[in-house]
Amino acid sequence: MNVTFFGDLAVEFANSVKAIKDDTITVIIASAKVNEHEGIICLNNYPATRFYLNAKHPSVKKLKLRMSDPAYSANHLEPLPEQTPPIFSVEDIKKLPKEFIEKKVRCQITVKKVDEKSNWYDNVCTTCQTEVTIVEGRYRCILCSRNVPFPDKRFRIATLCNDTTGIIAIIFPDDEIQRIIGKNAFEVEDELGDENKFPLLLKNFEKKDYVITLSINERNVNKTSNIYRATDISDPVEVLGNHSPPNLAAVSLTEEPLVTPAKAPVLNPAKAPIVENTNNGTAPDIQCSITTDTSPPTANSTNKVRNRVKKNDVRCEMEDDVPLGKFKILKTDKMATKKYDSFSALTKTKTHWKVPTRVMNLWRGYRKTGEPFKGFNLLLLDHKRARIHAFVPYNLAEEFEPIIKIGDLYLLENFNIQHYKVDEKFRCLRMDFQIVFNEETELNRLEENVVNVEDCCFDFFDIAELPSLSKQNTYLTDVVGIMEEHDPIRRIKNCNGVIQSQMIFEITDGRSSVRVTLWDEFARNFAESLKEAQDFPVILILGCARVTTWSEQVILTNVGATNFYINCNHRSVNELRKLLAQKKISTKSVCSANKREMKYYKLDNIPTLGVEHAESQIFCKVKMTAFQQVKSWFQPTCTSCYSQTVKVEGQDTCTVCQRVVLYADDMFELYAIASDETGSMMIILQEREVKKLIGKTVSDITDEGNKDDSFPTILNTIIGKEYTLKVRVQMDNILKKSEFYLVTDIMPGILTEGYQQPQLSIPHPIESTDPQASKYTIILISTVFFLKHLICESMYLYSIFTFLQLQPSSSACTNATISTINLNS
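The opening position of the sequence shown corresponds to residue 1 in full-length UniProt numbering, with each subsequent residue numbered one higher.
Source of the hints: derived by calculation from the structure; they are not laboratory data. Treat the hints with care, as some may be off.
No farther apart than 35 Å at their CA atoms in a straight line, the calculated lysine-lysine pairs in the DSBU-like style are these [said to hold, decoys possible]: (1) K33 <-> K602; (2) K647 <-> K691; (3) K623 <-> K602; (4) K726 <-> K707; (5) K197 <-> K223; (6) K153 <-> K223; (7) K599 <-> K578; (8) K368 <-> K33.
Now the in silico label distances, taken between C-beta atoms and shown as ranges [to be verified]: (9) S680 <-> T639: 33 to 41 Å; (10) T639 <-> I499: 18 to 26 Å; (11) S680 <-> T369: 50 to 58 Å; (12) E371 <-> K707: 40 to 48 Å; (13) Q472 <-> Y663: 24 to 32 Å; (14) N452 <-> E99: 34 to 42 Å.
Beta carbons: idealized from backbone N, C-alpha and C, even for Gly.
Work the whole structure out from these sequences, hints included.
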C-alpha cells in the first residue's frame, strides 16, 4: 500500500528513518486517513496521525516471525487452474443427472449435417447480447426495454452430430465459428449479398470430427430440451502410438458381450476403452498372441466386401509408456488463431488474463482547477466485440502512455477488476465495473494478422429515445446520424466572460433528429476533420456523448470520453447510406459540400409549414411592433443545467437536477409581436438575443434600481426597429399550432438578399458571430461612431473653456460643470 505523508510529519518521518541503522524497518501508523488517489488506495496523515518505527509491540514481533516463514509470504489468492471437462459419449450426455446443471462436459463427435432451413445468425442487443424482437417494424430488446437501431449479428449454426452411441443436436457458438472461419457474420453477409441465403462457407463444418465442449442447462437434464449449446470447438485428439514391437504385450479377446463404457468420467481420453459396434453384439472368437521374437501376425485374408465404418469400439488398452508428445491436436489454417480471454467473461477471482485488444480512445479527467490528472483512461475493444473501460493510475502513466497509440492492436495481460462507485457519473459503458492496470500488467503490440479485432464497435441508442436518457448522468451514449445543414464553428463569450469555441448542428436518422453542441478543443478538432470529408451527406458517429437538456431541448454534447467518427467504415454508416440511396430518408435538410443561399420566409407562410420543417431553422425579416404584457420579463434558471426553476414551498427548485437552487440566475424572456407586410406573429426572445440588443443582463438592470415587477424602460428601445430573425420551428408549432415561435438568433437591420453563408471550413471570429449586415449598414455604423467621437471631443474642449472663463465665481463654476454633464449625457 502506498503511504504519503505531508507537512511536518513528513519531515519528522524522513529524519527518523535516517537515524535507524537496522536493515529492516517496521512502522506502525496510528490514526491514518485512508484515501483513494486516481484509483489507488493509499494512506495519508491527519492531525491525529502518529508513527512508531521498530516499536517494541507484540504485533511487530508477530509480523517479523510471519515474514520469516516462506509459506506466509506466498500468494495464496492465486486461483486454481480450471479443470478440463470430462469426455462423455452422446448416450451418457443424454442421461446426465442434476449434478451436471450449469457445468461443462466434452464429447468427440462428427458433424453429420448443418441445418440450412434455420436462420444462420441472430440479431442481438448491443448492450446485453440478448436476441432482439421486431416490434412495430423496429428491433427492440425486451430485457433492456429499448429500441436497438443497429443490432449486432451473431452466428447461430444448428447442427446434427453423432458418435457411435447416438445423435445429438448442437448449436455452435458465434465466437468459435469466427475463430475457425476467420470472419464475422457481417463479413459473411457482405460476401453473400443476401442475408436470406445460407452461406456455403458454413457447410464446411459437415463431415468433420471435433471435440465439443457443451454447457449443460436445466432443460437438458429435465429432458424438456434436446438441443445443446457448445462453448468450445477443438480438433479431435490424434493418437500416435509407439510402434516398437518389442514393447508390445500379448493381447487376447474373449467372447464377452459388449457394454457401454463406464459411467464414471474418463479424465484421459487416450486411455478410454474403445468398443467395436458389431451387428451380433459379441466380439468374434479370434485368438492371437504377440511375442517379442516375432513381428505382429496379420489376420486371415478374405475377398469379402466390407462396409466402411469407423471402428471406434475395439476394446484395447493404450500403453502407459506412450510419450505425452504423441497426443496432439492438429491445427488447420482456419483454426490457427489462439484462444484468448475476453472482456465479456471477466471475474474478480482471476487476475491473469490475456486479451487481444484495440485502443479506441484515450482521455484524462480534470480537477476543478482545470489541471488534468496524471492518470488516464482507455476504451478498449477485444476480438469478441466486447468493450471495457480501463484506467491507468498515475504511478504507471509514464510507463504505458508512450507505447499506446489509438487504433493499434495490443495483447493485454494481468489487470485488476474494480467496481464503480454508486454515484460515479459519465460511465462510457453500461457496466458495473472497469479494469485497472497494476504493476504486473503487460501491454505488448500485436500484428494485425494475429487475431481479428474490429476497428470500432458501438452500442447505439435510437435518437427518439434520447429524451429519457437526458434525465440521467450515469451513462454516456453512442449515437449515429446524418448531419444536417449547420453553421460554421464560432467563438462566443459565456456567462462568466470566458471565450469558448462552439459548433452547433443537428443529426437525424430519418425519423428523429437531435441537436449537437460541441465545445472548445473538441469542436475545433471536429471542424478541422470535417474539411477532409469526401462523401456527402456526412454521416457522423458520436461515441460516449453526453445527453442533456438546454432550455427544455434535448442536446448531445462532448465530455472527456467523447470521440467522433466522420463517414466511418461501419455497418451502421453503410446502412444509412443505403437508405439515402433508396430515398427512404429525406435529403432536404442534410448538409452538402456546396454553399447554400439564405432563404427568407414571409410571416404568413410560417404557420403553414409542414412536418418536414420540424425543428428546423428559418430566417425572416420583421419589424418589432410591441411587447405582449406578461407577468414577468425574466425567468429564474438553474445554475447547473440552465433549466427554468419552479417555486416549491417558496424556494426556486430545479426539476431536472432535483435540487433547490438558492441563488438562481435571472435570464431574459420577452414575448413580442413581430410583423412584416404579410402579417404578424408572436416570438420569444431569450437571454442571448436580448443581451445582444441592449448590452445588459437582468442583474445589471436590477442594480440600476429597476424593480422586478416593473417593465424596464430600456427594453422599449427594441420596439419600432427592423431585425433579421433566425427562428426555430418546433413540433408544437406544427402539430399543436402553438403561435409562439422561439428566436435563436437576431441581428439589427435587414440582410441583403444576395447574402451567401460562408463555407463550412471558414470559422467565424468573435466579431462576426452574428449574421453579417449589408455594406451600407456597416458604413453607416462607422460614420455614427466617428461623429459621436467628434462631438465628445468638442464638448470636452467646451467644458474646459467654460470652466476657465467662469473661474472667479464658485457658483458659476458649479453651473458650468453641471451644464457640461448635461451636454455629455
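Consistency of the hints with the structure:
1. K33 <-> K602: Since the Cα atoms of K33 and K602 sit roughly 69 Å apart, the hinted pair is violated (cutoff 35 Å).
2. K647 <-> K691: holds (25 Å)
3. K623 <-> K602: holds (12 Å)
4. K726 <-> K707: It holds: about 31 Å lies between the C-alpha atoms, which stays within 35 Å.
5. K197 <-> K223: Since the Cα atoms of K197 and K223 sit roughly 33 Å apart, the hinted pair holds (cutoff 35 Å).
6. K153 <-> K223: holds (30 Å)
7. K599 <-> K578: Since the Cα atoms of K599 and K578 sit roughly 30 Å apart, the hinted pair holds (cutoff 35 Å).
8. K368 <-> K33: holds (22 Å)
9. S680 <-> T639: 33 to 41 Å: The hinted range 33 to 41 Å holds for S680 and T639, with Cβ atoms some 36 Å apart.
10. T639 <-> I499: 18 to 26 Å: holds (20 Å)
11. S680 <-> T369: 50 to 58 Å: Holds, since S680 and T369 (Cβ atoms, about 51 Å apart) stay within the stated range.
12. E371 <-> K707: 40 to 48 Å: This hint holds: roughly 44 Å between Cβ atoms.
13. Q472 <-> Y663: 24 to 32 Å: holds (26 Å)
14. N452 <-> E99: 34 to 42 Å: holds (38 Å)
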